[in-house]
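I would like the entire structure built from these sequences, with the hints used as guidance.
Line by line, the protein sequences are chains Z, Y, V, D, W and L.
Oh and the first sequence: position 160 is 160 in full-length UniProt numbering, straight run, nothing missing.
Oh and the second sequence: position 179 is 179 in full-length UniProt numbering, straight run, nothing missing.
Oh and the third sequence: position 253 is 253 in full-length UniProt numbering, straight run, nothing missing.
Oh and the fourth sequence: position 70 is 70 in full-length UniProt numbering, straight run, nothing missing.
Oh and the fifth sequence: position 146 is 146 in full-length UniProt numbering, straight run, nothing missing.
Oh and the sixth sequence: position 56 is 56 in full-length UniProt numbering, straight run, nothing missing.
Some hints could be false.
Because identical chains cannot be distinguished in the list, a pair is counted as satisfied if it fits within a single copy or across any two copies.
Calculated pairs, DSSO-like style, for lysine-lysine (alpha carbon to alpha carbon, straight line, at most 27 Å) [stated by the list, open to error]:
(1) Lys183 / Lys34
(2) Lys237 / Lys110
(3) Lys110 / Lys242
(4) Lys14 / Lys267
(5) Lys237 / Lys183
(6) Lys235 / Lys183
(7) Lys27 / Lys11
(8) Lys256 / Lys110
(9) Lys27 / Lys235
(10) Lys267 / Lys110
(11) Lys242 / Lys256
(12) Lys27 / Lys14
(13) Lys267 / Lys27
(14) Lys256 / Lys267
(15) Lys27 / Lys88
(16) Lys14 / Lys256
(17) Lys65 / Lys88
(18) Lys11 / Lys88
(19) Lys256 / Lys11
(20) Lys14 / Lys183
Derived by calculation from the structure, the hints in this document are not laboratory data.
Residue strings, one per chain:
6 protein chains.
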Amino acid sequence: MTAAVQNKTGKPFKRILLTGAAGGLGKVLRERIKPWADVVRLSDVIDMGPAGPGEEIVQCDLADKQAVLALLEGVDAVLHFGGISTEKPFEPIMQANILGVANLYEALHKAGTRRVIFASSNHAIGYHPVTTVLDADSPTRPDSYYGLSKVFGEQIARYYYDRFGIETVCVRIGSSFPEPANKRMMSTYLSYDDLTELLRCSLFAPRVGHTIVYGMSDNDSTWWDNRLASHLGYKPKDSSAKFAHLFPDSSEFPAKDDVTTMYQGGKFLLDGPQY
Amino acid sequence: MTAAVQNKTGKPFKRILLTGAAGGLGKVLRERIKPWADVVRLSDVIDMGPAGPGEEIVQCDLADKQAVLALLEGVDAVLHFGGISTEKPFEPIMQANILGVANLYEALHKAGTRRVIFASSNHAIGYHPVTTVLDADSPTRPDSYYGLSKVFGEQIARYYYDRFGIETVCVRIGSSFPEPANKRMMSTYLSYDDLTELLRCSLFAPRVGHTIVYGMSDNDSTWWDNRLASHLGYKPKDSSAKFAHLFPDSSEFPAKDDVTTMYQGGKFLLDGPQY
Amino acid sequence: MTAAVQNKTGKPFKRILLTGAAGGLGKVLRERIKPWADVVRLSDVIDMGPAGPGEEIVQCDLADKQAVLALLEGVDAVLHFGGISTEKPFEPIMQANILGVANLYEALHKAGTRRVIFASSNHAIGYHPVTTVLDADSPTRPDSYYGLSKVFGEQIARYYYDRFGIETVCVRIGSSFPEPANKRMMSTYLSYDDLTELLRCSLFAPRVGHTIVYGMSDNDSTWWDNRLASHLGYKPKDSSAKFAHLFPDSSEFPAKDDVTTMYQGGKFLLDGPQY
Amino acid sequence: MTAAVQNKTGKPFKRILLTGAAGGLGKVLRERIKPWADVVRLSDVIDMGPAGPGEEIVQCDLADKQAVLALLEGVDAVLHFGGISTEKPFEPIMQANILGVANLYEALHKAGTRRVIFASSNHAIGYHPVTTVLDADSPTRPDSYYGLSKVFGEQIARYYYDRFGIETVCVRIGSSFPEPANKRMMSTYLSYDDLTELLRCSLFAPRVGHTIVYGMSDNDSTWWDNRLASHLGYKPKDSSAKFAHLFPDSSEFPAKDDVTTMYQGGKFLLDGPQY
Amino acid sequence: MTAAVQNKTGKPFKRILLTGAAGGLGKVLRERIKPWADVVRLSDVIDMGPAGPGEEIVQCDLADKQAVLALLEGVDAVLHFGGISTEKPFEPIMQANILGVANLYEALHKAGTRRVIFASSNHAIGYHPVTTVLDADSPTRPDSYYGLSKVFGEQIARYYYDRFGIETVCVRIGSSFPEPANKRMMSTYLSYDDLTELLRCSLFAPRVGHTIVYGMSDNDSTWWDNRLASHLGYKPKDSSAKFAHLFPDSSEFPAKDDVTTMYQGGKFLLDGPQY
Amino acid sequence: MTAAVQNKTGKPFKRILLTGAAGGLGKVLRERIKPWADVVRLSDVIDMGPAGPGEEIVQCDLADKQAVLALLEGVDAVLHFGGISTEKPFEPIMQANILGVANLYEALHKAGTRRVIFASSNHAIGYHPVTTVLDADSPTRPDSYYGLSKVFGEQIARYYYDRFGIETVCVRIGSSFPEPANKRMMSTYLSYDDLTELLRCSLFAPRVGHTIVYGMSDNDSTWWDNRLASHLGYKPKDSSAKFAHLFPDSSEFPAKDDVTTMYQGGKFLLDGPQY
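The structure is reproduced here in C-alpha cells:
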C-alpha cells in the first residue's frame with residue numbers, strides 16, 4: 001500500500017511532486033494539478049516565484065543526488081517534467097536528463113513513491129518517417145541528444161518497474177502549445193486540457209506497470225496509435241482541426257530530401273551534431 | 001440453406017433456442033430477443049416459470065445427450081448461455097460446461113442448425129495482465145476451471161466450423177450487470193442494451209465463420225480491442241463513464257502482489273484450486 | 001519543389017489531371033475537384049462532352065504512350081480513375097490498366113509531376129474472407145484480371161516511389177454509389193462526399209510516400225482497417241447505417257459454398273475466367 | 001526446492017511417474033527413462049506385466065480422482081502419456097483425457113510435484129493446412145475430439161503454471177513409430193531416440209515455464225518451427241530422409257478436396273463425428 | 001487427380017514442359033530434369049537445336065495465345081523459365097513476361113495441368129535493404145520493370161490457386177551461375193545442383209498451394225529466410241563459402257549513396273527507367 | 001569512401017582502434033585482430049604494457065572528450081570494448097559507458113570513421129524470461145545500470161546511423177570465457193574463436209547499417225535467434241555442448257522466485273540497486 005491515503009481535504013494524494021515547474025508546461029500545470037493533492041511540491045533549477053496556497057517550493061538541480069533524495073521525501077507521486085527540453089550539446093543533456101532521471105528513480109525508490117508520470121517526447125521516435133504509424137511497441141529511433149535522453153528515461157523506468165515494481169507512465173508528448181505553430185503540429189498537437197486529462201488518467205489508473213502513451217489530442221491526422229495504452233482510459237476531447245484554417249490546402253510539397261518533413265521529429269533533426 | 005425462412009409473422013427466425021434462460025443474463029434476454037423469432041425456446045436445468053406468448057419451455061440438463069438432441073430439434077439458431085457461470089470444482093464444471101457444450105454441438109449438427117452465439121467469458125483470458133491489450137488473436141490464458149471450460153467451448157466451436165461449417169460467434173463477456181460493482185468493471189462493463197445489440201449483430205451478420213469478440217460497452221478504459229471482429233458491425237452505445245462518480249480518483253494503488261488487480265480476471269483468480 | 005505554385009486564383013494547383021473523366025466516378029468528381037486547381041484537365045477514351053469553365057478536354061487512349069506523354073505536360077497532380085473498371089478478358093485489361101498505368105508513370109516522371117492518387121480497388125484483395133480484417137500490410141489476393149491489374153498499378157507506384165520519389169496514394173475503393181445495392185455494400189460503401197474528402201486529404205497531405213488506404217465511409221460493419229494511413233487525416237462523415245432499412249435482419253444465411261459471400265470481392269469472383 | 005535430490009544411486013530423480021505405460025510409446029519409454037530416476041512408477045488402466053528392477057506398477061484409471069491422488073504421492077516428475085490416443089466418441093475421450101488430466105494436475109499440485117512432460121499431439125493443430133508453418137504461438141485448431149482433449153491438456157497446464165508455478169513441457173508429438181507409414185509421416189516423423197532426447201531435455205532444463213514444442217526429428221520437410229522452444233536445447237539426431245526410398249517421387253497429386261492431405265492432421269480429420 | 005500417372009518407363013510424369021529452354025538456366029536444366037518425365041517438352045522463342053531422346057521441341061512466342069494453348073496440351077507440369085530475364089523497356093517486358101504468363105495460366109487451366117514451378121526473381125523484392133531479412137510474407141518491392149513482371153507472375157499464380165486450385169511454387173531465384181561474379185552474389189548464390197534439387201522438391205511435394213521460396217544455396221550470408229517454405233523439404237547442399245577467396249576481406253566500404261550495394265537488387269536498380 | 005585502403009602490407013585496414021584493450025576480452029583480442037590492419041591502436045584507462053609490433057598504445061579516459069578526439073585520428077574502424085563491464089553505482093557507469101560512448105561517436109564522426117563494432121551485452125535484455133526467445137527486434141529490458149548503459153550505446157549508434165550513416169554492429173555478448181562457469185552459461189557461451197569470427201564478419205560485411213546480433217556460439221540451448229543478422233554471414237563453429245559433463249542432469253529445479261534463473265540476465269539482476 002502506498003503511504004498516501006485519502007486525506008481530510010478529500011484530495012486523493014497528500015503530496016505530488018512536479019519537477020520542471022518553471023518550464024513551459026510546468027507553468028501550465030501548476031494550477032491544474034492542485035485538485036489532486038493537498039500539497040503540490042514544485043521544483044526547478046530556476047526561480048519559480050513564491051509558493052501559493054497548497055504549494056511547496058524546492059529549488060534544486062536534479063543532477064545533485066543529495067538534493068534529489070531530499071526532494072522526494074514524503075512524495076506520493078511524481079510528474080517529472082524537469083530537465084532540458086530542447087537540443088543541446090551532450091554533456092548538459094546528460095547532467096540534466098540522464099543523471100537527473102537516474103537520481104530521481106534512486107530517490108523515489110528510497111522514498112517509497114509508487115507512481116511516476118514521465119514527460120518523454122516524440123523525439124524518442126523522431127527518426128521514423130511521417131508515413132509510418134507507430135504504437136508503444138515500435139522501436140525507438142531518437143532524433144537528437146535530447147531524444148536519446150528521453151529513451152534513457154523510458155528505459156530506466158522499465159528497469160525500476162522490473163526490479164522494484166515502481167510504475168511509470170511515459171508520455172511521449174507531441175506539441176503541447178496554445179495552438180499549432182506549423183503544419184507538422186497539426187498531427188502532433190496536444191491541447192493543455194488533453195494533457196491535463198492524460199496526466200489524470202495516468203496518475204489514477206489502478207495499475208499502469210510500464211506504459212508508453214503518445215501525448216496527442218484527437219487530431220485528424222496522426223502518426224501514432226494509442227491502442228496499447230487503452231487501459232489508461234484516456235479520451236482526448238480536443239483536436240487540431242479547429243486550427244485547420246491556419247494551414248490551408250497547398251500544393252507546395254516539401255522537397256524530396258527535406259528531412260524536417262520526412263521524419264516525425266521535424267526541425268529537431270537539424271539541431272543536433274552537425275555535418 | 002438454413003431451414004428457417006422469413007415467416008408469416010415477419011420475424012426473421014422461426015425458432016431460436018436460449019439456453020441458461022433462468023440465469024442472470026438469460027432472464028435479461030428472455031424478452032429482448034423475442035423480436036427475432038416466432039418462437040423462443042427456453043431451456044435451463046432449473047425452473048423457468050410458465051411459458052409466455054411465443055415461448056417454449058424445455059427444462060433439461062445439458063449433460064444429458066438425449067435430452068439435448070431433442071432440445072435442438074427445429075431450432076434455427078442458438079444463444080448458448082447455459083452451464084455454470086462461476087468458479088466450482090472441476091467435475092461439475094466439466095459436466096455442465098464441457099460435456100454440455102459437446103452435446104450441444106453434436107445435437108445442432110444433427111439438427112442442421114447453422115449459427116451459434118456462445119457466451120464465452122473474459123475468464124478465458126483472465127491471466128493476462130491488465131496492462132496488456134488483447135484482441136481475438138491473443139493466446140488464451142484461463143484463470144479458473146470456469147475459464148478453462150470457456151476455452152474448451154471456443155475450441156469445439158472452432159472444430160465444428162472447420163469440420164462442418166457451423167458458424168459461431170464466441171462472445172467473451174466482460175461484466176454485464178446493471179452497473180459496475182467495482183473499479184475493475186469500469187473497464188469490463190457491458191450494458192444490457194449493448195449485449196442485446198451485440199447478439200443481434202452476431203445473429204444476423206451474413207457470415208461470421210468462427211469469430212471471437214469481446215463483450216464490452218464503449219468504456220473509456222479497456223483491455224480489449226475488437227478490431228478483428230469489425231465485420232460484425234457491432235457499435236456499442238453505452239459506456240461505463242456515467243458511473244465514474246462511483247469510483248472517484250484515488251491514490252490507493254493496489255499492493256504489488258495483489259493478483260486480483262494485476263490480472264484481467266479479477267477475483268476469479270482466487271476462487272479456483274487453492275494453495 | 002513542385003512546379004505548381006499558389007496561383008492568382010488562390011487555388012492550390014495550377015493544373016490537375018483527372019483520367020477516366022467519362023466514367024461513373026469521373027462524372028461525379030468533375031465538378032467536385034474544381035476548387036483545387038485553376039485548370040482541371042479531363043481525359044477519357046470516350047467523349048466527355050464540351051469543356052466547361054476551368055476545364056481542358058483531352059480524349060486519349062492510355063495505351064498510346066505518345067498521347068499520354070502529351071497528356072501529362074504541365075500537370076501538377078493526377079487523379080487516375082482511367083482504364084477498365086469491370087472484369088474483362090485479359091488482353092483489354094492489360095492494354096487499358098497495365099500498359100495504361102505504365103505509360104502514365106513514365107509520362108509523369110518525365111513531366112515532373114509529384115503526386116498521384118490512384119483509384120485502386122477492393123478487388124486487389126477480394127479473395128480474402130469477409131471474416132478477415134485487413135490493413136495496408138495485408139498481402140494482396142486479387143479476385144479477377146481486373147483485380148490483378150490494380151495490384152500491378154499499386155506495385156508500379158511503389159517502384160516509382162522507391163526509384164524517383166514520386167508519391168502515390170493508392171485508394172482501394174469499396175463501393176462508391178449513391179446507395180448500397182446489396183448487403184455486401186453495407187460493409188464496402190463509400191459515399192461521394194467521403195470519396196471527395198479522401199481525395200482531398202490524399203492530395204494535400206505534405207508527404208504520403210507510397211500509401212495504401214481503403215476507400216470506405218464510416219460504416220458499422222467493415223473488413224478494413226485504415227490505421228496505417230492515419231497520417232492522411234481522412235475522417236469519413238457518412239455511414240451506410242442510414243440504408244440499413246433496405247436490408248432487414250434475416251436468417252437466410254448464404255450457402256456454405258457461396259463464394260460471392262465468403263470472400264470480400266463478392267460477385268467479381270465469378271466474372272473472371274470460368275471453370 | 002523440489003523434494004527430489006541427488007540420490008545415493010547417482011540418478012537425478014528419486015521417482016518419476018510414467019502414465020500410459022502400456023501404450024505404444026509407454027512401452028518404448030519404459031526402459032529408456034530408467035537412467036533418470038531411482039524408481040520409475042508405471043501406471044496404466046490395463047495390465048503392464050510385472051514390475052522390473054527399479055519399477056513400481058500402479059494400475060489405475062486416471063478418471064478416478066482418489067486413485068490419481070495416491071498415484072502421485074512421492075513423485076518428483078511426470079511423463080504423462082496416459083489416456084486415449086486415437087479418435088473416439090466424446091464421452092470416453094472426456095473421461096480419459098480431460099477428467100484424467102484435470103485429476104493429474106490437482107494431484108501433482110497436492111503432491112508438490114514441480115515438472116510435467118505432457119504428451120500432447122499434432123492433432124491439437126491438425127486443421128492447419130500443410131502449407132502453413134506453425135510455431136508455438138500459432139492458434140490451436142484441433143482436428144478431432146482427441147485433438148480437442150489435447151488442447152484442453154495444454155490449457156490446464158498453462159493455468160497451473162500461471163496459478164501455482166508448476167512447469168509443463170507440452171510435446172506436440174508428430175508420428176513416433178519405427179518408420180514412417182506414409183508420405184505424410186515423412187514430415188511428422190519422430191524417431192524413438194529423438195523422442196527420448198526431447199523428454200530428457202524437457203525434464204532437465206532448469207526452467208521451462210509453460211513450453212510448447214513440436215515432437216519431430218530433423219526431417220527435410222516440416223510444417224513446424226521449434227524456434228520458440230530453443231531454450232530446451234533439443235537437437236534431433238535422426239531424420240525421415242533415410243526412409244525416402246519408401247515413397248518415391250510421384251506425380252499423383254492428391255485431389256483438390258482431399259482433406260487428409262490438405263491439412264496437417266491427416267486421416268484423423270475423417271475419424272471424428274461424421275456428416 | 002492429375003492426368004499424369006506412373007508410366008511404363010517408371011518416370012513420375014508423362015510430360016513436363018520447360019519454357020525458356022534456350023535461356024541460361026533452361027540449358028542447364030534441359031538434361032537435369034529428364035529423370036522426372038517420359039517426355040520433356042522444350043519451348044523457347046528462339047532456336048533450341050534438335051530434339052534429343054525424350055524431348056519435344058516447340059518453338060513459340062508466349063505472347064501468342066493460340067500457340068500457348070497448343071503448347072500446354074498433354075502437359076502434366078510446367079517449369080516456367082520463359083520470358084525476358086534482364087531489364088528492358090516496359091512493352092517488351094509486358095509482352096513476354098506479363099502477357100506470356102497470363103497466356104500460360106489460361107492454357108494450363110484449360111489443359112488440366114495441376115502444378116507449376118515459376119521462375120520468379122529476387123528482383124521482385126530488390127528494393128529492400130541488404131540489412132533486412134525477408135521471408136515469404138515480406139511485401140514485394142520490385143526494383144525494375146523486370147521485377148514488376150515477376151510480381152505480376154506471382155500474383156496471377158495466387159489468383160489461379162484461389163480460383164481453380166492450380167498449385168504454383170514461385171522460386172525467387174538469387175544468382176544461379178557457375179560461381180559468384182561479385183561480393184553481392186556471395187549472399188544470393190544458387191548452385192545448379194541446388195536449383196535442380198529445389199525444382200525437384202517443388203515438383204513432387206504432395207501439396208504446395210501457392211508457395212514462395214527463395215532460390216539460394218546454404219550461403220554463410222543471406223538476406224532471405226525460407227522457414228515458411230519448409231514444407232517443401234528443400235535442403236541446399238552447396239554454399240558460396242567455397243568462393244570466399246575470390247572476394248577477400250576489404251575495408252573498401254561502399255559509398256553511403258551507392259544504391260547498388262544498399263538494396264538487395266544490386267545493379268538492376270540502375271538498369272530501369274532513368275532520371 | 002573510407003580513408004582506409006588496401007595497404008602495402010596487404011592487410012585490409014590501415015588502423016583499427018580497440019578500446020578496452022586491457023580488459024578481459026581486450027587481452028584476448030589483442031593478437032587475434034592483428035591480421036586485419038597494419039596498425040592496431042590499443043586504448044584503455046589502465047596500463048596495457050608496452051606496444052608490440054604493429055601496435056600503438058594510447059592510455060586515455062573515454063570520459064575525456066579531448067583525449068577521445070585525439071584517439072580517433074587516423075582510425076578506419078573501431079572495436080569498442082572499453083568502459084565498465086560489471087555492475088557499479090550509476091555515476092561511474094555514466095562516466096565510462098554513457099559519456100564514453102557519446103565522446104566516441106562524436107570523435108569518430110569528426111574523424112570520418114565509417115564502421116564500429118560495439119561490445120553491447122545480454123544485460124541490455126536481461127529482464128526477459130529464459131523461456132522467451134528474443135531476436136534483434138525484441139524490446140530491450142536492461143537488468144542493471146550496466147545494462148542501461150549498453151542500451152544507451154545501442155541507441156546512440158542508431159542515432160549516428162540515421163543522422164550520419166555511420167554503421168555499427170552491436171554485439172550483445174553472452175558469456176565469453178574459456179568455458180561456461182555455470183549452467184546458465186551453457187546457453188550464453190561464446191568461444192573466443194567464435195567471438196573473433198563474429199567481429200571479422202561484422203567488420204568486413206560490405207554494409208551493416210545498424211545491426212544487432214547476439215554474441216553466442218552454436219549452443220544446444222539458446223534464448224536468442226540471430227535470423228535478423230544473417231546478412232553478416234556469421235556461422236559459429238563452437239558449442240557449449242562439449243562442456244555438458246560439467247553440469248550433469250539434475251532434478252534440483254530453481255526455486256520459483258529465484259530471479260537469477262528466471263531471467264536471462266542471471267546474477268546481474270541482484271547486483272544493481274538494492275531493496
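Each hint tested on the structure:
no., hint, in the structure
1, Lys183 / Lys34, "between (33 Å within a copy, 24 Å between copies)"
2, Lys237 / Lys110, "neither (37 Å within a copy, 46 Å between copies)"
3, Lys110 / Lys242, "neither (46 Å within a copy, 39 Å between copies)"
4, Lys14 / Lys267, "neither (40 Å within a copy, 29 Å between copies)"
5, Lys237 / Lys183, "both (20 Å within a copy, 23 Å between copies)"
6, Lys235 / Lys183, "both (23 Å within a copy, 18 Å between copies)"
7, Lys27 / Lys11, "within (21 Å within a copy, 41 Å between copies)"
8, Lys256 / Lys110, "between (51 Å within a copy, 16 Å between copies)"
9, Lys27 / Lys235, "within (23 Å within a copy, 34 Å between copies)"
10, Lys267 / Lys110, "between (39 Å within a copy, 22 Å between copies)"
11, Lys242 / Lys256, "neither (29 Å within a copy, 43 Å between copies)"
12, Lys27 / Lys14, "within (21 Å within a copy, 46 Å between copies)"
13, Lys267 / Lys27, "within (24 Å within a copy, 42 Å between copies)"
14, Lys256 / Lys267, "both (15 Å within a copy, 23 Å between copies)"
15, Lys27 / Lys88, "within (22 Å within a copy, 37 Å between copies)"
16, Lys14 / Lys256, "between (54 Å within a copy, 20 Å between copies)"
17, Lys65 / Lys88, "both (22 Å within a copy, 16 Å between copies)"
18, Lys11 / Lys88, "neither (39 Å within a copy, 40 Å between copies)"
19, Lys256 / Lys11, "between (53 Å within a copy, 23 Å between copies)"
20, Lys14 / Lys183, "between (41 Å within a copy, 22 Å between copies)"
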